[in-house]
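The lines below spell out each chain.
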Amino acid sequence: MTISVDCAPPASAPQQHKEWLEDVALFEKQNPNITVNSIFENPCEVPASFTAMLKAGNEPNVFYTYFTDKNQVLDAGQAADITSYVNSKTVPALKDIVPTALAAVTAGKTLYGLPTVNYTQGLIINRVLFKQAGLNPDQPPTTWAEVEQDAKAITKLGHGIFGYGDYSAGNNGGWHFSSEIDAEGGHMINSAGTGAAFNSDQGKAVLQALHQMRFVDHSMSPTQQLAWGTLQKQMAANKLGMYIAAPDDIYNVIVPQDGGNINDYGMGPLPSTSGTPAGSLSGGNDYMFAKRDTPAQIEAGIKWLVFENLTPGVGFYNYARQKADGFPVGFPEPQMFTGATEAKQQQLMTKSATVNPAYFSTFASAHELAMGEPADAQAVYKTLDPVMLEVLTNPNANISQLLSTATGQVNQILANSG
Amino acid sequence: MSAHGFLIGAVLCFGFFSWYPICREIVMSFQKSRLGVTSWAGLSNYERIFRDPTFWTAWKNTLEFTVLALIIGYAVPFFVAILLNELRHAKGYLRCLVYLPVMLPPTSALLLFAYFYDPSYGLFNDVLRHLHLPVSQWVQSPGTGLPSMAMISVVIAATWMNMGGATLIYLAALQNIPGELYDAAELDGAGLFRKIRHVTIPQTRLILSMLLLLQIVATMQMFVEAFILTNGGAGVNNNTLSVVNLIYQYAFALSGASNYNSASALGVVLMLVLAVFSGGYLWLTRQTDR
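Residue numbers (our numbering), protein chains in the order written: chain B, 449 to 866; chain U, 383 to 672.
Among these hints, one or two may not hold up.
[Stated by the list, open to error] Taking lysine to aspartate or glutamate and the DMTMM-like style, the derived pairs with C-alpha atoms no more than 20 Å apart in a straight line are: (1) B:Lys503 - U:Glu407; (2) B:Lys466 - B:Asp454; (3) B:Lys681 - B:Asp696; (4) B:Lys751 - B:Asp529; (5) U:Lys414 - B:Asp523; (6) B:Lys466 - B:Glu476.
What the hints contain is simulated information worked out from the structure, not anything from laboratory work. Note that the structure is a prediction, hence the values are computed from the model and not measured.
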């Protein structure tokens, strides 16, 4: 029996491609009745094409989705119910998978997929610029006041270097705002999921800090309207001091794609007014199963995901192989497991670590509370992009007015999607 | 019979790729889809788009773009064509130069302009700095006034990209005007502007009115210009959000709340507006011809 699986690394990423093919060969050897038909693609999901694929109903048997895609996959009626197939026997690490990640693929009591990556965000810092500016890179700032102070010091280096950067396009502005408000202890959406909750002191504090850095301190660039992929390039080119991201930005983008040096970056927790983040937006991705899959295909798909993504020491978690292949090992991510599974994963990772864990210690020890993403996340983020953009481009931006207008728009979105 | 045979290809192409999608769009605008089940939704998709505050913003911006594109994008190629027609030297070279931007893929041309407009290191601000003039945030300018700096920036890029085609069409029309008409006008003492007003414009009226219609229909469907220049967004405070951009957002960008049905409803509204405009325009030109 054959299962098609997408998000396989293409030949343009030779080492990842090689590791994937090795895993498929080993899995097929262990399960001679299963053939994995890999669909090679990067990026794993292009949202517009993904939506079109769902409408056409031609997704692979086991298909990659972001956590934020759950509603649209269910609305399109394309996900199979896998609840009865998943138990501690078929998925040994089940009880140790972090609850927010499992919640991201669950609707009511029905399970529609298995999570494979889960993250919280922190503050990535450029250790080189910190040192040049006379700052201590082992003590990343934790409060917005410290971020502002350090950003000013870094901007003084000149040569087009700016202390802080943030997004305001491609839904990424709203996405970051969401994480920043989580750290402040605020919420994007009320607990009932029926209305916007970001027009709060916490929301205003975040936007005020950004506006201060952009127009009072001038420690953010006049070039705004930036989307994902831009700040990583600035960081790799040593032109940016700090920005908010998950750790994988360093080892997936800044170093391999943008040419940064692996030892030049560190990470602290998300900034907040108090210095102790109340939480962080957590996100990630998962695999779901096509509605048309036969029971045997669902069983085979679960077997494959357990092998490739949910077992320490194997597949994605084969740290010894990653080290041998020249990949950096030792980042505090993905935060998929708790309990015994996490302990085993950490032990294996530490054994093969190639990056200095001290660079990430303040992020790791903050143990940020994973908050999950708001209801209708992408639509909400889209609505907050113009707010972030206005705050970062208009010296006279009226923050209260902007949040009030966006509240009306988000309430409308939530009412329509209910 | 052979005439009908020749028609089949065109009819099939139009049927599959134009008429069927139009009919499907109309049907989908009255439906909703939940958990894979499609059902009739009455006018709820239309109610949703009319209640959306960005609906009116998008229409305001689209009309702003259309008017600015007419003022700048319609007049500039006409005068460039007149200038090219009058030139005695380097005609071929200059025509090639004017047409060159049309040959660039729109995305490349717009990415070039995105770089020109960059507030930190863009070419335009560099020039302004050298001239000791105040710099601008161009397409990232805040403000939703009429006209907004952001929208003017979009129109400048769009005009640069598209004027080559219109210029060539005007040029062809200008070269069909008999030279004796200009000679006669000159004998009657007409200067350059009177010749343009009394000879050039009346003689090219048909081409001018055809391009006017085509340009309005095209500019009302503006999408790629603002989309690329704003990095997939819609400008500061949505000041470059167009109707087609909003359709795209409904259908694709709002992953999680993506809604083909609302997108279809907005598509139908845009189609009706353009159909009413085109019908009214054709009726008016027929009246004038009589």
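Cross-check of the supplied hints:
Distance check on the hinted pair: B:Lys503 and U:Glu407 sit about 14 Å apart at the alpha-carbon level, within 20 Å; holds. Of the pairs offered as hints, the one joining B:Lys466 and B:Asp454 holds, with about 16 Å between alpha carbons and a cut-off of 20 Å not exceeded. Distance hint between B:Lys681 and B:Asp696 is fulfilled; the C-alpha atoms sit about 14 Å from each other, no more than 20 Å. Restraint check for B:Lys751 and B:Asp529: the C-alpha separation of about 16 Å stays at or below 20 Å, so the hint holds.
Between U:Lys414 and B:Asp523 the alpha-carbon distance is near 10 Å, which keeps this suggested pair within the 20 Å criterion. A threshold of 20 Å between alpha carbons decides the hint, and for B:Lys466 with B:Glu476 the separation of about 15 Å falls inside it, so the pair holds.
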